[in-house]
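If you read the sequence shown in the working numbering, its first letter stands for residue 1, the second for the next number, and so on.
FYI, nobody ran anything at the bench for these hints, they're computed from the structure.
One should not assume that every hint holds.
With a cut-off of at most 30 Å between alpha-carbon atoms, the simulated DSS-like pairs for lysine-lysine come out as follows [unchecked claim]:
hint : residue 1 : residue 2
1    : LYS54     : LYS77
2    : LYS52     : LYS65
3    : LYS86     : LYS50
4    : LYS65     : LYS86
5    : LYS54     : LYS65
6    : LYS54     : LYS86
7    : LYS77     : LYS65
8    : LYS52     : LYS86
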Amino acid sequence: MAEDLQKQNQINIELTEEIAEGEYANLAMIAHSSSEFVIDFIRLMPGLPKAKVKSRIVITPEHAKRLLAALADNINKFEASFGDIKQSQEAPSFPMNFGGTVGEA
Numbered sequence: 001m002a003e004d005l006q007k008q009n010q011i012n013i014e015l016t017e018e019i020a021e022g023e024y025a026n027l028a029m030i031a032h033s034s035s036e037f038v039i040d041f042i043r044l045m046p047g048l049p050k051a052k053v054k055s056r057i058v059i060t061p062e063h064a065k066r067l068l069a070a071l072a073d074n075i076n077k078f079e080a081s082f083g084d085i086k087q088s089q090e091a092p093s094f095p096m097n098f099g100g101t102v103g104e105a
């Protein structure tokens, strides 16, 4: 009986090859309303005038809180295995020629 209940609660999750490759993002912007949270994952490239939103995820407030808890849990596990994640107080810096050539005057 418990096995039948477990089968009913299983979710079959499909991961396509395209989604499995992932998208690199180095900035996230979060907005919310009374009914949803909108998370934009952005790729910001130094030297380029425009940043691109690579993915937008819209979730309910309840799921946002679950995501917060899951991230905290995973960060704690990561730091237990690999040491503290260092954070600087300043914005991330990139090499001057990151992503392209540097102009000279």
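So, going through the hints one by one against the coordinates:
At most 30 Å may separate the alpha-carbon atoms for a hinted pair to count; LYS54 and LYS77 meet this at roughly 27 Å. Proposed proximity of LYS52 and LYS65 is supported: the alpha carbons are some 26 Å apart, at most 30 Å. A threshold of 30 Å between alpha carbons decides the hint, and for LYS86 with LYS50 the separation of about 28 Å falls inside it, so the pair holds. Distance check on the hinted pair: LYS65 and LYS86 sit about 24 Å apart at the alpha-carbon level, within 30 Å; holds.
The suggested pairing of LYS54 with LYS65 holds, with an alpha-carbon distance near 23 Å, which does not exceed 30 Å. Note on LYS54 and LYS86: the hinted pairing holds, with a Cα-Cα distance of about 25 Å set against a maximum of 30 Å. Among the hinted pairs, LYS77 with LYS65 is consistent with the structure: their alpha-carbon atoms are about 19 Å apart, no more than 30 Å. Annotation: proposed proximity of LYS52 to LYS86 holds, straight-line Cα distance about 26 Å (limit 30 Å).
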